[in-house]
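Trainee: Residue numbers (my numbering), protein chains in the order written: chain A, -13 to 319; chain B, 17 to 117.
In case anyone wonders, no lab produced these hints; they're calculated from the structure.
Here the structure is a predicted model, which means the values were calculated and not measured.
Every residue, glycine too, gets a C-beta built ideally from N, C-alpha and C.
Heads up, a few of these hints could be off.
Lysine-lysine pairs mimicking PhoX-like chemistry, simulated, CA-CA at most 25 Å apart [stated by the list, open to error]:
1) A:K11 - A:K309
2) B:K90 - B:K80
3) B:K80 - A:K170
4) A:K309 - B:K83
Here are a few chain A residues that sit away from chain B, every Cβ distance over 12 Å (derived from the structure) [to be verified]:
5) D204
6) R233
7) P273
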Amino acid sequence: MIRAPIALVPVLLFLAALVHSDSYKLVPMRTVLGLVAAGALGAGVSYVLNVYFYAQFAGNFAAYSRLISPWIEEALKAALLLYLIRTRRVGLPVDAGIAGFAIGTGFALIENLYYLASRSDNAIAIQVIRGFGTAIMHGGTATVLAMISVTLYERRPNGGLYLFLPGFLAAVAIHSGFNYLLVKPVVAALAILLVLPTIIYAVFHHTERSLRDWLDEDLDSKVQLLELINSGTFLNSNAGRMLQTLRGRFRGEDLADMLCLLRLHGELAVRAKGVLLLRESGLDEPPLDQETRDKLEELGQLERSIGRTGMLAMRPLMMATGKDIWQLRLLGR
Amino acid sequence: MNKPIFEIRQGPEGEVLMSGRLDATQCDAALQFLNTLALPRLIDLAQLEYIASAGLRVILLTQKRCKAAGTCVKLINVTAPVYDVFHYAGFDQILDISRGG
């Protein structure tokens, strides 16, 4: 059983490196461990499904592992990621990537333990290399799926499940390709090792830089917006004129609520960015104060009062991107 | 004579004086200056007209350094627009800030 840890240690180190590189501490360690456990559970479910579907399959095991099982296994990982992304528990490629790799690591742990138990006659070197390649593959495909999906959801925050399709198909293709190469485990492991971690790390760091840029630009623009509103000159601004064009379509009290919502969202967005800045600086976050809790509640009430049509009309002014919506989760929304 | 965009210097009683606009282009210089001081306890912002997110970072990193040494940064004479930024970001809960007259 020493083979399992040897195969998994490099993957766990890569996961630890991703978590450590997360400057804004978007994914706490207990969440990472929970996702590893969820991935392990997914592997258990995939075992049951694969046993059932293989019994119905006409071809041999090699064909099944290349053509059928990648769809099942990636679908299970995708289901977990779908929940995280749709509920805004992850909102950036950074936290989505960590979540994906954690899920894939848990998945690989169970799969490797199963193969070690069922094929203990294989040479230890082959077992370790195969296990290592499988672990990187599972972590990598889930990460690719997560990063592509969250990037698409960033642009269309209210988009449907179809936004998962490109990432899902990419994950299935990588998984199937790896299984084709498994006749030569060393080749498969090398191929996956050379490609996936490099891509993932590059995207990760690019996204961290983009997050910092977005944090700086959006915080400054929100502060300027708040200054406009507080100074009473908002209605003469571009945003104010845009709001006034809605006058014929909405009641006066709805427009008043819209202005309040704009102001409130601006204040909360700056507060959320304050949380990111504190984490980036390595300072402890104070617990959420009552004023912010009250503002979050008020935000919810204003959204309900304005209604879906009103919120859609306000889209050019706020809540247009996935990050706009996601950032409020930093305040516990 | 043009007013400088941003200036940071030490006052007669050892306090740090900032004036102008602390934006992204000035934050490296500001942080470098603050890091040369042993423990900058008092920062007078009476003449600071504007602070961007980069400036907030400078203050937070200085606060972190001071906290590690067992002390804290105190911001004094903070103007209303600058105070609003600290308040919206929630930093008035972790920094000692007093507003200007």
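Trainee: With reference to the structure, classify each hint as holding or not holding.
Mentor: Hint-by-hint comparison with the structure:
1. A:K11 - A:K309: Given pair A:K11, A:K309 holds - Cα atoms ~16 Å apart, limit 25 Å.
2. B:K90 - B:K80: Holds, at about 13 Å.
3. B:K80 - A:K170: Roughly 52 Å separates the two Cα atoms, so the pair is violated.
4. A:K309 - B:K83: Not satisfied, since the Cα-Cα distance of roughly 32 Å exceeds 25 Å.
5. D204: violated (9 Å)
6. R233: Its Cβ never comes within 12 Å of chain B, the nearest being 29 Å, so this holds.
7. P273: violated (9 Å)
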